[in-house]
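*Asks:* Listed below are the residues making up each chain.
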Amino acid sequence: MAILLLDIITTASILFVVAAGLLIVFGVLKIINFAHGGFLTIGGYAALVTTQLHWNPWMALPVALLAGLVLGAFVERLVVRPLYARPLDAILATWGLSIVMVQMITIAFGRGTNFVESPVQGAIPIAGDTYSLYRLIMLGVAIILGAIMIGILQGTRLGLTARAVIMNENLSRSLGINSGLVRFATFSIGSGLAALAGALITPLLSVDPLMGVPWLLNAFMLVMVSGTSLISLGAACLVLGGAQVAISTYSSPVLGALSIMVLAAVLLRIRPAGFARA
Amino acid sequence: MSEALAVETLTSGYGEAMVLRDVTLRVMAGEVLTVLGKNGMGKTTLLKTIMGFLPVRRGQISIFSQSTVGQPPHHLAGRAVAYSPQDQAIFQELTVEENLQLGLPRVTRLAPELKRVAAIFPFLAERRRQLAGTLSGGEQKMLIMARALIARPKLMLVDEITEGLQPSIILRLANVLRQEKSANGTAILLIEQNVSFALSVADRYAVLSRGEVVDQGDAHQPGADTSIAEHLSV
Amino acid sequence: MKHLIPTALAAAIACFCATVPAHAADDTVKIGIPVGLSGANSVVAPSVVQAAKLAAQEINDKGGIMGRKIELVVADDGSGADGAVKAFNSLIFQDHVNTIITMETSAARNAGLPVVARGKTPFIYTSYYEGRSCSPYLYVDAWVPDQQVASIVDYFMKEKGAKTFFLAGSDYAFGRGMLEFTRKYIAAHGGKVVEEEYLPMDASDWTAVLSKLRADHPDALISSTAGGAPNVTLTKQLRAAGINVLFGNLGVDEGTAKAIGPDAAGVYISQSYLTSIDDAQNQAFKAGLQKMFGADMKTPNDLSEPEYDGIYLYKAAVEKAGSFNEAKVVSELGKVSFTGPRGTITMDKQHHAPLTMYLGQVQPDGSVKVIQTFKNIDPGQQCPKLKS
Amino acid sequence: MPDSAALACPVRLPSQRGRTERRLILVFSVIALALAAAGPLLLDTYSISILIRSFLYGAIAVTVDILWGFTGILSFGQAAFFGIGAYALGLSVTQYDFTAPIVTAALIGGPLVAAAAAGLVAWLGFGPKVTPLYISVITLVLSVIFVQMIYSGGDFTGSSSGLSNFDTFDISMEGWFRVAGVFLVAVTAAGWIFVRSDFGRLLVAIRENEQRCRYCGINTARVKTLLLIGSAIITALAGFAYAGYNDVIAPDLGNFQFGTQLVIWVALGGRGTLIGPAVAAVLIDFISAWLSGSLPFIWQLIIGLVFIVVIVLLPQGLGPAVANLFRRGRTRPVAARLAPLPDADAAGSGALPAIQVESVSRNYGSLHVLQDVTFTAGAGELVSLVGPNGAGKTTLIRCLSDGQERSSGRVAIEGNPIGRLAPEACVRFGLGRKFQTPNVFDALTVAESLRIARSRQERLSFVRTADEVRLPAAAMRVVQATGLSSQLGTTVKHLSHGAKQALELAMVLAMEPRVLLLDEPTAGLTKSERSLIGEVLVELVRAHGLCILLIEHDLEFVREISSRIIVLHQGSIVMDGTVEEVTNSELVHTIYAGEPHAVAA
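Residue numbers (our numbering), protein chains in the order written: chain A, 194 to 471; chain B, 50 to 283; chain C, 68 to 455; chain D, 512 to 1112.
Mixed in with the good hints there might be a few duds.
Stated by the list, open to error - Residues from chain B that face chain A, not an exhaustive set, calculated with beta carbons under 10 Å:
#, residue
1, Phe-102
2, Pro-104
3, Pro-121
4, Pro-122
5, Leu-125
6, Ala-126
7, Val-130
8, Pro-134
9, Glu-142
10, Leu-143
11, Asn-148
12, Pro-154
13, Arg-155
14, Ser-276
Since the hints were made in silico from the structure, they are not lab data.
None of these values were measured; they are calculated from a predicted model.
Ideal placement from N, C-alpha and C gives every residue a C-beta, glycine not left out.
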């Protein structure tokens, strides 16, 4: 039972870390970034490069974040900016972008599965059993990341500005907020977070050009049910991620893998606001 | 007296529909101009065009003798212009304090400025941590006014601030605006439907009907209200 | 006016289509290799192509097949059914190849079979797979579950005293096919399967499976996952969870095991080809590759070496038939033999071949140590409806 | 009045255009069919084998375009429907035998299962209050689930390996080429006729302004559901043919990558052009069969890059961009004739109040926009709703016309409680609503808009464009007096603000409502237009016994035409009385403008 609970909260943590970047982009820009999986992959390869250069494995995190930020900045300028008024087209264009990113990575690194050195190894004893240390670290990472993001949003001028743009863009602009700049920064940060998440999950996974795709759909569904709130996202990750773990454990992992998508789809039909308060 | 706002032969609108036609207006520093008119006559469109939310089709807009045509809305705040829109003028989900903070430039500290506006509207200090959406209608209007004043603007654009308010609060707002004008020399463009309030604050008036200025004059001149009433009832 | 454009485009298509391809010249023999240059198999595809090139060069240097030089035609099948239909069609009907000899995914192989039947083209499949794919034109020179599973399960039961088994696989044909056979085999030999779990092919989170594994305390874990990522994630997460259990992996090749690094140490694998096989043919094979490709050489493996054998088997069949006639070659393919790096191969058991299997264990340095050798394991009843 | 038909003297009538167009389609189809017939003689086997598949994909692209380009439904799920059709044949044949009854069962069963899946998806995706994005999400999930089911199916479905080499039709490759070619031509031609029909214009209307469609009494969710089901059936048939020809089925036929690929083809070919997507699908699939072998990764990269560029810079797609190079001059506008309808039954039932509102409240969180509003209005009354901005007037109208809007209380229209009914159901009780800002279909012509407003009375044709727009007298008067009658062929987005207002009013009147809810119908109109509207409204009330609830700021106008005035202030009714009572009330003056003379003037 203790293990099941640990499985649930660590799974929720991983989902939270993966979906956070997508959420802030959706929150401020009102578009779904289908290249999110691509940025996740970029993060994975940033970690790979770090390993290949024999740097400290923890260095993968800043490297990935930086790569995501820079690439996100370019993408915002070139692809996303003209599409703010056409949200469905933005989905398509970012999906096209993810195809391009996957192919570029394939051309540069090959189609093969690669391995990244994990910054920590092994398991620690817990509740009379052993548990993966890295998964526990992911719990901590999710809490810290959530706290930092909420801290920035609630406690800084930047966060206040971003929240103001989310709530009422025109009013914000009339108060002197350069909403174009806010969008630019948000997309960059969202992409940076996606890449960071990619680097964070690679010690548990392998790195290959398509590593982002399976995460994209779950992250997407989680964001759909969370609206624009990080707290809602946390709740959605716990509930739907918990359902995934429970269904995988007590029924079959194949059903479990579909559970987030199916439950979210049904939830949205019954309660369009999802986990966000109506 | 310098010219705070000059609108010359301005034409603008939404899409292909022109709402404003050849509108010319001027507001001097330390002067209140009120623009009166019924709904759908182009008053709000005028402010939105001045702010840069709508493109200028023809004509010229200058603020403190510099053209602002083609500039994005956020540039105007940097020129000490405070805009209080009619609809959705506050962030309901933000606190009173955060709403005020957003009225200030990035570098300015809130505390002393808050103290200053709280002297005018004391409830602001008491309810600073309350969500703005939970304030009463009148308090929300006062918050809008406070947010405009907190940045020490040189030009205020105020859109139907009295709408739906009790007479006592309207009176209070009139006092605040008069005080601001005379104490700080602020230029104010006041969009109104409430003629008596408008005339009690304004130095000059203009009446907008179907996108054109149909009457203007000195607000203190006797008979101004009758002239306005005539044009309003067209 | 508006309608002129579609019509013009239609005409353009027609012109484009009309560029009729050249027919095979009479002095060459064309061997078609539809392979996953893109998609899941793109990792291993280059080594397959290299094995084929080596065989072709060796044969051509000695005068070719009945005087005709081999010409290889490689086509990308995208590692999937849709791409394979395209690739087979283009090879058989556009390039008019004499035979298809290749390693592919099961989906691609299945997709190719109807095209092969339409073209009546001999087809040697050189990839290990889940078994029981049957067609008069299809021959297989790689292993099936009946040959591989026995070695690992027997070893675990006899040498390690394992009685309870936990099976985990990717949810796809190979994963399910292998584990299904394993389950039956274990039951038939007095063992017990405590759990059989599958994870979607592209999923990477084994948490729930590992929790069950932990709760069940089996004597051994046998996995059959999709190549590449799932192998890695399972091994890594197993080690990260601190679970130490006897672990046999049916779906990992030597190269991947090596790349996983220290986490793979101790894992048992069973293959028909290992680079460390110590015979003259293997030495010559490796030396040939080294000479031909130098620094670009891909490490040969259990998916690439059978391609080399396959081309030699085709040569033998043509020479025995005394003709390139497809029907005659097909009927000879099950009778001829070739002795290569894996020993002597004859596809005489219902179009499949008895093979020597090597049980190996991955060492901390990534090398694979041969623990036991199982000689000439029979493929069992793969295609009882076929004559030979 | 009957002469009005002669007033509009359009250049060409839609049916004439329809005839020419249909002749063109016929010619085009014959050429295409001839190509399909002759193809096997001209082409090599390889091209034929690839084109068979490309043709099938082209047909699916047409369905994607009807859904997305015309109706605005972005579906990633066509792949799943394709897979269902293909697996229906493959599974039936491998489980049973290749006999006529089994194959027929698969031919019918596959599309049926696809239709059922589409129905389920539509139920989830076209629910009330869901964003347009949501249907894309659900169709995407459908593809994922489909693939997962196939993977888990073990020997039954062949899992990842799929099934192949099953017994199939004994048709030569040339035969299949013709089957696929005819299928593509048939689907494209039928689609072409369909999207140009009156019903096809409704699809565009739904894309442009679904809300207005619903307030025209059109159950848009049902239209979209049927459309999705139809597309699923066609796509499943293509899947059936694919499996029959290739003798192969595999999970990647149904995965979401294939679904997105279809969308990419449609976007590149030009959404909303039908021919563009069909040509793009055939061309790209065919060319990639030739090129992808030699440049597997680069090819994907190029497609991805071109796709991004097209979406960002050429949202209309490459097809129209190319076509524009060749196009000389614009097609002439097509108009229709107006035809008057005989006057409907004048008297309302009269027994029940037309509008009955009982303690209706509306809260947005802690904000009370309406509080305990109660009133009734009967047939023959023209009730004006006045009050300062933010008093809740528009919210009240919303609560009367959409059962989902109010927080509490009861509303009945012509004696029918509206419960929680959607607008399209409320409209059927005889309600007509005009919005504050013109709520019209920008991409349609005036005639098309009016016809869609009449669609509940006169069924829209699936194949033809009607020559006449039949309008009841009131709508006819508005159309003629505001000059719309001479602009029947004009696209609505080119109309002036005032003309749009008039058009929306005419559309509402065209529905022959018993109860009219009008939110500032004269804003932006000239004085003469305004007095005309006033006359029409008064006549509707006096002569036809309608009940009208009117929001208006022009108090003079209100005084002239109202029989009664309700004053709303801060969400509550503060006064309900005759014109004299209200205009003379001090209380009202204070509320409304802070000073008496603003009203009294």
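*Asks:* Decide, hint by hint, whether the structure agrees.
*Replies:* Against the structure, the hints come out as follows:
| no. | hint | verdict |
| --- | --- | --- |
| 1 | Phe-102 | holds (6 Å) |
| 2 | Pro-104 | violated (15 Å) |
| 3 | Pro-121 | holds (7 Å) |
| 4 | Pro-122 | holds (4 Å) |
| 5 | Leu-125 | holds (8 Å) |
| 6 | Ala-126 | holds (3 Å) |
| 7 | Val-130 | holds (9 Å) |
| 8 | Pro-134 | holds (7 Å) |
| 9 | Glu-142 | holds (6 Å) |
| 10 | Leu-143 | holds (7 Å) |
| 11 | Asn-148 | holds (9 Å) |
| 12 | Pro-154 | holds (7 Å) |
| 13 | Arg-155 | holds (6 Å) |
| 14 | Ser-276 | violated (32 Å) |
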